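Asker: When you get a sec, could you build the whole thing from the sequences and use the hints?
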Amino acid sequence: MIRTENLHKSFGDNEVLKGISTEFYPGKTNLIIGRSGAGKTVLLKCLVGLMHPTSGAIFYDDTQFSKLNRRQVKEMRKQVGMLFQGSALFDSLTVEENVRFPLDMFTNMTRKEKQNKVNQTLERVELEGVNDLFPSETSGGMQKRVGIARAIVMNPKFLFCDEPNSGLDPKTAILIDKLILSITHEHKMTTVINTHDMNSVMEIGDNIVLLHKGKLAWRGNKAEVLNSDNMILQNFIFASPFLQRLRKNTIENQQ
Amino acid sequence: MIIVNFLESFGRYLMMLGKTFSRPEKTSMYYKETMRQMNDIGVGSLVIVVLIAFFIGAVTAVQFAYQLDGTLVPVYYIGYIVRDSTIIELAPTITCLVLAGKVGSNMAAEIGGMRQKEHIDAMEIMGVNTVSYLIMPRMIGALVVIPMLVAIAAFVSVIGGYIAAVPTGYMSSEEYVQGVRSFFDSNNVFMMFVKAVTFAFLLTSISCFQGYYVKGGSIELGKASTNAVVFSDILILIADYVIAIVLT
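Going line by line, the protein sequences match chains A and B.
In case it helps, my numbering puts the first sequence at residues 1 to 255.
In case it helps, my numbering puts the second sequence at residues 1 to 248.
Certain hints may be false.
[Claimed, not checked] In silico BS3-like cross-links for lysine-lysine, where the CA-CA straight-line distance does not exceed 30 Å:
no.: 1; chain 1: B; residue 1: K32; chain 2: A; residue 2: K117
no.: 2; chain 1: B; residue 1: K19; chain 2: A; residue 2: K74
no.: 3; chain 1: B; residue 1: K215; chain 2: A; residue 2: K78
[What the hints assert, rightly or not] In silico contact screen, one side only, chain B against chain A (beta carbon under 7 Å); selected entries:
no.: 4; residue: K26
no.: 5; residue: M29
no.: 6; residue: E33
no.: 7; residue: H119
no.: 8; residue: D121
no.: 9; residue: A122
no.: 10; residue: I125
no.: 11; residue: M126
no.: 12; residue: E174
Simulated from the structure, these hints should not be mistaken for laboratory data.
Computed from a predicted model, the values in this text were never measured in an experiment.
Note that CB positions come from ideal geometry on N, CA and C, so glycine has one too.
Answerer: Right under this line is the structure:
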């Protein structure tokens, strides 16, 4: 589990996170949602340690992240995987070399063991026969899957995804969502996803955290989204007249 | 404000150097990367270095032949002047100024591009010491290969001087060779390698620094690449002056 306590982050006079206290649970897909500029990316970067909070604490299980020394942070990071918005695959390496990179860097596995592990992982994300392609030779959806494969190849306890659906067509986006959901449940990982894709919210939102102007505005799950009377949530999720009508009809049908 | 910015950047530069030479996570990965960098810097720059060195030697020979024409200075001195001017000054300095433009801007752009495409963040999250992994192999590669390139440049310059001076009739082959073999001081070769190593360190560390800490988009990346060349060139010239004072 990941827990934040009264997390603040400022850039000069601009306070982006204003006292976020929340929890992200293991074996669940935890979504951070909110409008652009709400502080989602900053929160995610604080959680993974790419940014340091101005004040407050982040706990990975019972370990306070900011109290770890450099070596401990390095060890902790071996339990963390991350999928980036642009996949962040190394252009000069093939798909296989990208996925193998953490194994090459941090394990003493033999060449054959690494090869098997890479193949297994690529199979898990439904990518076979693309080992020798370079990232530029693959589609956006494939790149996301390679990114997921690289993130999970070390069997992390914590998986972070920064807008995994951005730039993908709706069908591929759903496939990526389902993949993340199944991997999360399978490995009992604590998965934290930063998104503003409404399909994701309604499909895989086991635990949803809504940020608004740097503050925690709402917390719940996908089932609670429809019936919540939180105006910030409703204005965000059901922003268009079409979605508002859809929500109204769904609630009427439920009654 | 300028002084504060300078001190801040200088402090960050020193901290970067401190992190660069920390213990590698996996020696084999660093070794592989160092070999790749050596190949990129060495083989990739060989043609331009040879070409420039050849013409520097040729121009030096022709210019001095013209200057000394009709004087009492023996003509074989041209060979001596070409040899020493290239060894002491032209080979290390011009080669490294050229490499600052070619290799330095490439390093700044490559690392800066990795920063912008979140490759560096991805490595950080894996637990890689990115400063060390991205900069140490480049620095070691440059420190090994650039002195070799400088030595090749010095050799090619002397050949260039020969080709410009002998077949064109400025002097005989024997005179040029006599000049090249006269008044040889091995300290000059030592100075050449001191300069080569110092300049290699400066151009690599400054270029990597500019790329690693780049912020923003493509305009900033272009600026970082330009700054890498400009700052490297300025510091190479200052270091050249300091070494000349200290070692002569």
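Asker: For every hint, state whether the structure bears it out.
Answerer: For each hint, the structure was consulted:
1. B:K32 to A:K117: holds, 22 Å
2. B:K19 to A:K74: Holds: K19 (chain B) and K74 (chain A) sit about 14 Å apart, inside 30 Å.
3. B:K215 to A:K78: holds, 27 Å
4. K26: holds, 5 Å
5. M29: Status holds, d = 6 Å.
6. E33: violated, 11 Å
7. H119: holds, 5 Å
8. D121: At about 6 Å, which falls below the 7 Å cut-off, the nearest Cβ of chain A leaves the hint on D121 (chain B) intact, so it holds.
9. A122: Holds, because the Cβ-Cβ distance from A122 (chain B) to chain A comes to roughly 4 Å (cut-off 7 Å).
10. I125: I125 (chain B) check passes; min Cβ-Cβ to chain A is 5 Å, inside 7 Å.
11. M126: Given a least distance of 5 Å, the restraint on M126 (chain B) holds.
12. E174: violated, 52 Å
Violated hints, listed in ascending order, are 6, 12; each of the other numbered hints is respected by the structure.
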